[in-house]
Amino acid sequence: MMRRFPWIVFGATLCALVTFASDGHTQVIDRELRERGFQKFTIALGGFASFAMNGEDLGKTGASVLSNDLKFTTVFDVMDGAILPFNPTTIQPDQERVALPGLAALKVQHLAVGYVSSRGREAVLEGRLFDAATGNMIFGKRYVGDAKFYRLIVHRFADDIMFNVTGEKGVAQTRIAFVSGAGQAAKEIFVMDYDGANPSPLTGNQSINLSPRWSPDGRQIAYTSYRNGNPDLFVLNFESGRRDVLSAQRGLNATPGWSPDGQALVFAMSATGGTNLFIMPKNGGTPKPLTTGTAISVSPSFSPNGRQIVFNSDRGGTPQIYIMDGDGSDLRRLTFQGSYNASPRWSPRGEKIAFMCRFGGNQICLINPDGSGLQQLTSVGNNEEPTWSPDGRHIVFTSTRNGGRELYVMHADGSEQRRLTNNGRENYLADWSP
Amino acid sequence: MELAGGQRGGEGAGGSALGYYLGLVDYKISTNWVPVGTGGRDTVVVIRFRVLRSGQVRDMEMETSSGDAGLDTAAMRAVRQSIPLPPFPNLLTDPFLDLRYRFVMERG
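Sequence lines, in order, name chains L and G.
According to this note's numbering, the first sequence holds residues 1 to 434 in order.
According to this note's numbering, the second sequence holds residues 1 to 108 in order.
There may be inaccurate statements among the hints.
No farther apart than 30 Å at their CA atoms in a straight line, the calculated lysine-lysine pairs in the DSSO-like style are these [to be verified]: (1) 107(L) / 28(G); (2) 169(L) / 282(L); (3) 40(L) / 28(G).
Hint data in this document are derived by calculation from the structure and do not stem from the laboratory.
In isolation and in its complexed conformation, chain L is listed as follows:
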């Protein structure tokens, strides 16, 4: 038992700093608790009894999706059903509390239970979360939706568990846009669930489509397409289904990056000599130059506060990462190690920048916005084009470690690297939705 749950039995080290004022009771006694490293919330899953619908066991699928969602958060340790003092699938509605003392004795903190049923063509998931120590139900919610979107229903339950336990928004309902194609054939933009399920095409124009970028509200995607022969910049609106040309200057209109308020896009244009970054209102207008000269500047990414832009430029002779203010002023070089650094992405919390660094092969690196703290996260094969999950806990990237280009995901510290795509095509240039 102690081996299995050391982090909750005596996780915190105590360090008491006691100070007193000399006068009576107005004094405040200062105490300090320290924790090194990370602890996880322990959770057991129950319910999800077998329920067949459209030839699928929604109970089995639900337990599997929920378990994977919770493990992916890096916050939960999901207990193996085999070590529980009861058969998880036999838990009945309103009888859950019977199971809680046994879980509490095992130092399991939470029990999440799902009951699956149907209503016509809709799948119904009754989700409940319990605190094992107090016996209280933390929340109970009924999730209803077309059975085709059953995985999404379970993702919603997972995000609600995450939010209720940690106060933090989960990413189980997020999606990933990417480019997919085979050989010399068309390269189309696809969108899939964050876990790689449900891939579906966003473009089908049989040309080359690149660099999808979600708007901060998730309702639009900007991308570059050769559908009219020239690499033009488009914005696709999901609600209206409209695809508007934002910029179609001769030459490149590429590598868009949204401002955090969603009102403007910065992108690279080559019409005026060199390849420079321009900023433009999202509804069109006159592009305003942020960089000038004959060098190549591409791949802009805003800081989350919108004040700065990190980008890639060869103005110093080799491709390196640079930072400038949002109006193009105060330009400075960020990377000085390695002969090739590219594809920078500012983290959602602002404290890191992920980018492709070249140490031997191409790798994913992190650096602080002040140039300190360079850290290499990958080492196998070539790895490039990082994109952050909206909670900053994960990074999706392109890797050739198993041959062709495929999307992989890892924790933001480089651990737990695993493959996301496997469809016989090449998959790359990912962008994680908000």
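Given chain L's structure and the hints, the job is docking chain G onto it.
This is chain G only, laid out in the frame that chain L set:
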């Protein structure tokens, strides 16, 4: 804990009773503190509250936020889930104690 006895002079065993009691409170709150998060800097959450003789807590407030909603919630939850705190031992004569807890998460 010699600080307690010395500076509170005149309360005799009250000092060591205080040290003993604070140890109980530290233990209870620490077992309910489950901070989580990914890398980055050290983070600190400071929570202040008054504990009454019964162990009930009043006037709980966060004096310093870590800037991370998850860590703030974890620290607040640690105190909330520890209520009621242990009642004062008889040798501890104060009507209440004002405590300020610094929850320090070390990273890297």
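Going through the hints against the structure:
1. A C-alpha spacing of about 15 Å is found between residue 107(L) and residue 28(G), which places the hinted pair at or below 30 Å, so the restraint holds.
2. With a CA separation close to 27 Å, the supplied pair residue 169(L) and residue 282(L) stays within the 30 Å bound.
3. A C-alpha spacing of about 18 Å is found between residue 40(L) and residue 28(G), which places the hinted pair at or below 30 Å, so the restraint holds.
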